[in-house]
Each structure stands twice: as structure tokens, then as C-alpha cells.
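Novice: Here's the letter readout for the chains.
Protein chains: 2
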Amino acid sequence: MTKRKHEENGNGTEENGNNGSKKNKTDSLEGGEGSKAAKQLHLTAFMRPVSLHTGAWRYPGAYPDANFNLTHLKSFIQKLEAAKFDAFFMADHLAVLNMPVEALKRSHTVTSFEPFTLLSALSQVTERIGLAATASTTYDEPYHIARRFASLDHISGGRAAWNIVTTGNPESAKNFGQDEHMQHSDRYKRAREFYDVVTGLWDSFADDAFVRDQKSGTYLDPEKMHVLNHKGDELSVRGPLNIARPVQGWPVIVQAGQSDPGRQLAAETAECVFCSPKNLDAAKELYADIKGRAEAAGRDRSSLKILPAAMIIVGDTVEDAQSKRLKVDSLVHYDSAISSLSIALGTDASEFDPDGQLPTNLPETNASKTSRAGVIKLAETEKLTVRQLASRYGGYAGLCLLGTPESIADTMEEWLKEGACDGFTCVMPFLPQGLDDVTQRLVPELQRRGLFRNDYEGTTLREHLGLARPKNQFFE
Amino acid sequence: MTKRKHEENGNGTEENGNNGSKKNKTDSLEGGEGSKAAKQLHLTAFMRPVSLHTGAWRYPGAYPDANFNLTHLKSFIQKLEAAKFDAFFMADHLAVLNMPVEALKRSHTVTSFEPFTLLSALSQVTERIGLAATASTTYDEPYHIARRFASLDHISGGRAAWNIVTTGNPESAKNFGQDEHMQHSDRYKRAREFYDVVTGLWDSFADDAFVRDQKSGTYLDPEKMHVLNHKGDELSVRGPLNIARPVQGWPVIVQAGQSDPGRQLAAETAECVFCSPKNLDAAKELYADIKGRAEAAGRDRSSLKILPAAMIIVGDTVEDAQSKRLKVDSLVHYDSAISSLSIALGTDASEFDPDGQLPTNLPETNASKTSRAGVIKLAETEKLTVRQLASRYGGYAGLCLLGTPESIADTMEEWLKEGACDGFTCVMPFLPQGLDDVTQRLVPELQRRGLFRNDYEGTTLREHLGLARPKNQFFE
Chain A
1 MTKRKHEENG NGTEENGNNG SKKNKTDSLE GGEGSKAAKQ LHLTAFMRPV SLHTGAWRYP
61 GAYPDANFNL THLKSFIQKL EAAKFDAFFM ADHLAVLNMP VEALKRSHTV TSFEPFTLLS
121 ALSQVTERIG LAATASTTYD EPYHIARRFA SLDHISGGRA AWNIVTTGNP ESAKNFGQDE
181 HMQHSDRYKR AREFYDVVTG LWDSFADDAF VRDQKSGTYL DPEKMHVLNH KGDELSVRGP
241 LNIARPVQGW PVIVQAGQSD PGRQLAAETA ECVFCSPKNL DAAKELYADI KGRAEAAGRD
301 RSSLKILPAA MIIVGDTVED AQSKRLKVDS LVHYDSAISS LSIALGTDAS EFDPDGQLPT
361 NLPETNASKT SRAGVIKLAE TEKLTVRQLA SRYGGYAGLC LLGTPESIAD TMEEWLKEGA
421 CDGFTCVMPF LPQGLDDVTQ RLVPELQRRG LFRNDYEGTT LREHLGLARP KNQFFE
Chain B
1 MTKRKHEENG NGTEENGNNG SKKNKTDSLE GGEGSKAAKQ LHLTAFMRPV SLHTGAWRYP
61 GAYPDANFNL THLKSFIQKL EAAKFDAFFM ADHLAVLNMP VEALKRSHTV TSFEPFTLLS
121 ALSQVTERIG LAATASTTYD EPYHIARRFA SLDHISGGRA AWNIVTTGNP ESAKNFGQDE
181 HMQHSDRYKR AREFYDVVTG LWDSFADDAF VRDQKSGTYL DPEKMHVLNH KGDELSVRGP
241 LNIARPVQGW PVIVQAGQSD PGRQLAAETA ECVFCSPKNL DAAKELYADI KGRAEAAGRD
301 RSSLKILPAA MIIVGDTVED AQSKRLKVDS LVHYDSAISS LSIALGTDAS EFDPDGQLPT
361 NLPETNASKT SRAGVIKLAE TEKLTVRQLA SRYGGYAGLC LLGTPESIAD TMEEWLKEGA
421 CDGFTCVMPF LPQGLDDVTQ RLVPELQRRG LFRNDYEGTT LREHLGLARP KNQFFE
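The listed protein sequences derive, respectively, from chains A and B. The first sequence runs 1 to 476 under the numbering used here. The second sequence runs 1 to 476 under the numbering used here.
Everything labelled a hint here was simulated from the structure, so no lab data went into it. This structure is a prediction, so every number in the text was calculated from the model and none was measured. Warning: the hint list may mix true and false statements.
Pairs involving identical chains hold if they fit within one copy or between any two copies, as the list cannot separate such chains.
As the list claims (entries may be wrong) - No more than 30 Å apart at the CA atoms, straight line, and that leaves these computed lysine-lysine pairs for DSS-like: (1) Lys189 x Lys231; (2) Lys215 x Lys383; (3) Lys231 x Lys174; (4) Lys377 x Lys284; (5) Lys189 x Lys174; (6) Lys215 x Lys327; (7) Lys79 x Lys215; (8) Lys224 x Lys174; (9) Lys278 x Lys369.
All chains, full assembly: derive it from the sequences and hints.
Specialist: Okay, here's the thing in C-alpha cells:
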């Protein structure tokens, strides 16, 4: 996260709204005024209705009922579209996560709308913004998945994206007739084959298969229909899909894997990678690795966009942003926070003095050493008490870009130019204020620098992301 | 179908629109003016985007591209809502139906939007009309089904209905990893258990489980969350569902079975039965049987509405309606029609003289004797040529109510009063004209007689249908 401090931004009102055709650029930008060659950021919003941060529902002005109040979701997506975001990205789970009852009772993240029904509804109150849904290859059928994304793509005029997940949460297995969660490597093997089947089904019909000649009575040309007849190790699916080829050819493929098989799957299949590096160096390593694997797999490096996830907290000053963060973290109830910290440490932390420092004599445990070392390092770096540390782990422990619109824009620009990203997957700390801060204060600053679009140039998500429409595998 | 002839209806313009608060009633109606005691019809529209009738896409004024053109679907549902229909009911398949290539190339019924994405989108352009989706218990998971219907119910403000199907089409199996279709009795056994799981999951949370007390930090009361822990012969699902209890408690349950296990499943579980009796006597038998079975299962007879499917063709005169039917039937291409007739007869009919009568010396075959006898009877009764007979079977062979608005209203009134139905599942012969004829000519006539609502009285589908909100099984 940025530690650089910039002059105060005033009340930010001058930056509200969008700059229209006015294109300011900084000296550091390549290309001339309005040049398409200048590399710009892509921005998506990774959303849960109330926020991913578990303290957010208690933040001043929050909508605690947003999980089942569509009005709020409509306003969020409309604000993101007004700010020209590439996509609205709905996080998802296939279970009420198993957690201690003291944590469960504090959690607003447990229940909400289902992604396909939500995004289809939101497609009717928006016109341009992309609609990304999470869907599992472990607990669903490729025919259903292919069909729903194709349908969402038709309904939205080419704005659908599929975030392929293998469902890491072992609790989900129990909701789908299985006592044991499928092994990690088996999940990725199935995911790879699942992707082949789904994309094969999307190509069931040539774009000109439906002739609809009322006079002769020919509705479709059977020569332009492909029967997949897939029989693999994991899946057997005949096809064809009972839906015309999607507007985008294929909905955009999103992947979030960071493990070795996750990176490989992303390099082979993803067009957008959603990842969680902790800092610039880690992001550069991940970026170079995945782009390199993609190239090795015969793909063009630009055919895959890497968008690290970052919680974004905008303040009038860096200190103001920091105090907002402490505020939202403090709203994570201690009963809930301490259990998250205990999991991260692999040790029961409830016996520690909440307002003291983390004990130095932590017992060795079987928990992940990386996770434990991360907690210890964070406690030292930011000099956090046990309570603050617990709130961080109970709230949102990932990358956070925190500061003024200018300082955050500096960081984003640095990451883009250093080859650490093609943009960001933005996590809003609290809603609606945190989203307004991003769309009304940060985005105008990025636009002023020529780092973000002033308006959509195309109508489909592929066009927003600069991705080509895939050719049909079976037809010219 | 009605054979009674009434005086001409003129151009029908006087009946356009809705009668507002004016409530005319006929002498035959029970109850006083505006009495709620008078039994009224329920009307749903059973839809495919272009029509269920396979000749409809060639009818004058038809929208052959409606399968993937949402604009048309929006106008259809908005017209049905303006006419105060109970629900818009989306038919569905899980495969491109296996048919001879000569039939396939003529078919507009093969491909279209997927129901959940479509209905969620349509929920945003309507306010009151119910939204019924078909979903299979054979090729999907109860956790997914429970979740999507609950989400659609939240998104639409309590307008969702689940048409439970066991998927009779054996081609679907091949799209879901199975070579053989599940046996009929096994499908119904699984469906019954599937229903228990889905309704159990809907009851995961008490209505007041989400307290969302920002001050104390209590979001939900874990005592008001139920973990289903279902372990049955066919399904094992832990729960809880990750969504609040639906607005309607449970979305309305719809069933279409007519076989013995189908009737029993409907009697035990359905709140709306979609059936296909051929005539008044068959409808009365089915009505009495299913209501009797429901009573035997401990249910109130009024807790289940029986709505026979009927294609409705409105004309200025009965002859005019008949000529519309001949017209739309004639648009079924002979290559497609003759294969449907061959299937119904169990004999290759392509060798017969298209313009002659059905031969009297039809060979005995292994095909269903009932089906074959039905064809022969229809040919005799309506004196149809082989071509006309083929068009009927290739187009829409179910019950058809055909005539003037008055004569069709007479038939509907008779069916209602004779205990043959609680309303109708309306099939539109061609769109948009056939739908306009129903909503702008037939519905006003029904309203004039006090047989159909002049306006919605409630906001949820359960309220339109007069169905109680189910109690939560696990909480007061």
C-alpha cells in the first residue's frame, strides 16, 4: 500500500463526475493527447451487497439490509457505470460458511442474492457495464453453466463474464451430496476439462446458423450446428447447447487462482486474472509469471488482463484515510475478529491481552507458517495491538490502497508502469460512502491523468477490456 | 373445444383495456356485485418466445427472432401484466430435442433464453405479474434450485413460482453425463425427496432471523437458523441455505404430471397444476381425482389450483377463428409435420397421399394405442386430410379453445362452474397477434362477466392465486 503523502485534496468536489472529452495527461504518459496507445487501467468492482469487509454493515450510513434490498444494488451498479467501470463482479459462496457461532452472529457476508438472478436483474437497469458472475466447476454441470452465461450474455447485449472457481470452501461439499471435499488437484483437472466443454458448447452454432426464412420455412441451417460429443475423464456431454452463440462469442473468462495449478489454468484459459498479491514486488512476480505461462501456451500477452484485488480507502489526507480504516476495522466485533486471528496464527488468541502487543513466545503449531509469519510481520510493521490485529484479520486482510485520490492514483500508475498489473479489482471498504469516494474522487483523478477512460468506446465487456471476440472452433 | 357459435364481436375495440372498477356480473354468478365469494378464473400464459406452435414463426406479423430478442419478451409480459394475468410461465428443455434433420431445420422451438436469467431480467420491467420457471429435479442440485428460486422471489418482491419437472426427454440425459435416462419411477422418487429438501432449505431462517443491530453488532440470531442435515435415499444436503427466507415463504409450487405418480406428486406438493385434458369430461375426472388425492393427503382442496392448458384462438366469428387455426397449422412445413404424425401413429405416414384421407387399413404397431386411436378419431371428427392432420400434430395438438371472445368465455365459465378447472394455462397460437387477441378481447369479456379480476389486489403471486404463505416448518 502507498505510504507516500500528498497535499490535501480539499473536499474533492471539483473532481466529481466525469471529464467528458477533456483528456488531460501527465508528462509520464506515453503517446500523444488522447492516444489509444497509452496504456490505461481497467477497473472492476468486486462486490458483496453490504461490502466484503465484515465491519462495514455497522459503518455510518451503511445499508445493513442490502443483501436482499435490490434498490441498493441498483444504485451501486449505476454509480459504477457512471464512473465507466469495466465490470461489476459478484463474489459468491455455495454455503453458509462454517464459523464459530460468536462469529456467525456478527456476519453480514453469509447470505445474499444468487449471482445469475441478481446480474440478470441488474442488466436491465444498466447499459454498458460488464456483469461478472462466479460459478463453480466442482458443484455444477457444464451444460447449465454454458447455458446461463450464454443467456446472460444475450440478455445484457454482450456484457457477461464467468469467474471460474473450483470452490475452495470444504463446507460446500456437504450441500452437494459429498462428505469429503474434492482434492485440490482433482478440482483443477475437472475445471480444465469443464472449461473445454463450456467453450465447446458456446460454439454449438455458427453466428449465421439461424436463417429464419419465413417464405421457405427454413429456421436454421443444420450444417451450422455442431454436436460436441465430449467424452472425457471427468465429464460426458453430448450437446449441442440449446442457445445461439453468445453476443461476445464467449463471455469473458475470469480466473482467481494463485496456486501453481491455479496460475497454469489462468495462463491457459483466463482473459482476466483476479489475484491478491500483498505488495508491488509480489504483483510483479505474479504478473511476469502468468503472462510468461500464457506466452508459453501460445497466447498473446495482451489477451489476458491481470487485475490485483485491492481495498481502496480514499481520504482528504492519508491520515484521514487511515482513520477511516481504523474505524471500519474497529466495527468488526471482537468475538468475530479474534477467531479470525486465531485461525491465521494457528493458536487460540482469545487468551491474549486485547490491548497489548502480540506475545513474542507464540507456540509452534501445525498451521501454515506463511500465514503465521505474516501476522507477526504485520504486528511489527504497523505496531498493532492484538485487538487491532484481530480486527484487520476479521475485516479485510488483503492489499489496501489507502490515501488521497492523488496518492492512490500515484500507486496505481506505478503498478501499471512497473508491469505489476493491467488494472485493479476494487474492493469497497464500506458502502455507499466508500464506493462514492472511488467513483467520484479517485476515478476523476485517474481520468485527469489519462489513466482511465472518460467514456465507454464499445458496448460489450470484451470491447471495454480490449479483448478480441473468439473465433468459433467449429465454423469459419 | 367450444362448438357453440355466437354473434359477431365487431372489431373488439370497445373491449380493449381493462374495466377498472366497473364490475358487471352475469346472473349465473354467485355472490353480490364485487363479491369476493364469486369464484374467478386464474390465468397464466405458458410461453415460448416465438410461441409453442411450430408454425407460428411464419405467421403474419410474427417475430421470428424473439428467442434472443429481449425487447419482444418485454412487450409480451407487459401486455400480460396490463391484462392482470396471474403469471408468465416459461416453458423449458435441457437439450436441443432429437428430431429428424428435416424437422430440426424448421423448428424455432429449439433454442432460447434460459428461464432464470430471462425471468430475473423481466422482473425489472414488471411489478405484479408472477414469474414461473421450469426447473428439473433430475438434472440439477436442490441447493442450486432452492437458492435461485429464493433469489428470484427476493428480486421480484414475491412473484416466483417453481414448475417442478422430472424431465421426460431422454435426450437431456446425454447432456448431463448419463447414457441412459433415469427410469420414470426413480425420477418421481427423487422429485419427491428433492421437493422436501428444497422446501426445507427455504425454511433455513426464521423471518425475523436477521436483526441487524448496528449498535450491539448482532447481525443474525443463530437460534433462528436451521441446519437441515438431510440424508435420504437419493440426496444428502446439509444446509442451511445462504439466503433469507423467500418473500412468499416458499415460491409457488407448480406441477405438470398427469401419470399416476405425477398426479400423486401434484396432490402432495403442488399449489398450481398445469395439465392437458382433451375435453371437459377428462378435465372433470382429473380435477376430482387430484383434489381428492390432495384431501386424502390432508390438504385443503382450495390450496391447489388446477389450470388446464389450452391454446386460445380468438376470431370475429367462430369461422374466422377456425380459419386462423388452419392458417397457422398450414405454416408447419410438411417435412416437419409428417414426422410428428408418423410418431403419433407409430407408422411412417410419408407414403400416404397428403391430400387424401387417412387410410383405413393402418397396420398394427407397437406405438401407444391411445395415441393412435386419438389420431384416427380426430381425422374422423374434423374430417381432416393427411396434410391437415400432420399439421395439427406438428403444430399444437392439445386442447384448443377457439371462437369469439363470448363463446370462449362461455366455455371457460362452463369449465369453472362444472368443477373442471380453477382457471387456464393459456397457450398463444402466434405472437404478438394471438396474445393481443387474448389480452385485449377475451380478458375484457371475462372481466365483464366478473370471471376475472379487474386489477391485482395483492403484490405477490400467492396473493393473486389466493394461496396462503406457508408457515416455516422449523420456527413459529
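Novice: Hint by hint, note whether the structure agrees.
Specialist: A quick look at each hint next to the structure:
1. Taking the closest pair of Cα atoms, Lys189 and Lys231 come within 30 Å of each other both inside a single copy (14 Å) and across two copies (29 Å).
2. Proximity of Lys215 to Lys383 under the C-alpha cut-off of 30 Å is restricted to the inter-copy arrangement: shortest distance 28 Å between copies versus 78 Å within a copy.
3. In this assembly of identical chains, Lys231 and Lys174 lie within 30 Å of each other by CA distance both inside one copy and across copies; the values are 27 Å within and 10 Å between.
4. Taking the closest pair of Cα atoms, Lys377 and Lys284 come within 30 Å of each other only inside a single copy of the chain (21 Å); across copies the shortest separation is 77 Å, beyond that limit.
5. When the C-alpha separation of Lys189 and Lys174 is checked against a cutoff of 30 Å, the pair qualifies both within a copy, at 21 Å, and between copies, at 21 Å.
6. For the identical chains of this complex, Lys215 and Lys327 are inter-copy neighbours only, at 14 Å across copies versus 69 Å inside a copy, given an alpha-carbon limit of 30 Å.
7. Proximity of Lys79 and Lys215 under a CA criterion of 30 Å is satisfied inter-copy only: 28 Å between copies versus 47 Å inside one chain copy.
8. For the homomeric pair Lys224 and Lys174, the shortest alpha-carbon distance between copies (21 Å) is at most 30 Å, but the shortest distance inside one copy (42 Å) is not.
9. In this assembly of identical chains, Lys278 and Lys369 lie within 30 Å of each other by CA distance solely inside one copy; the values are 16 Å within and 72 Å between copies.
Consistency with the previously given hints is maintained throughout, with no hint failing.
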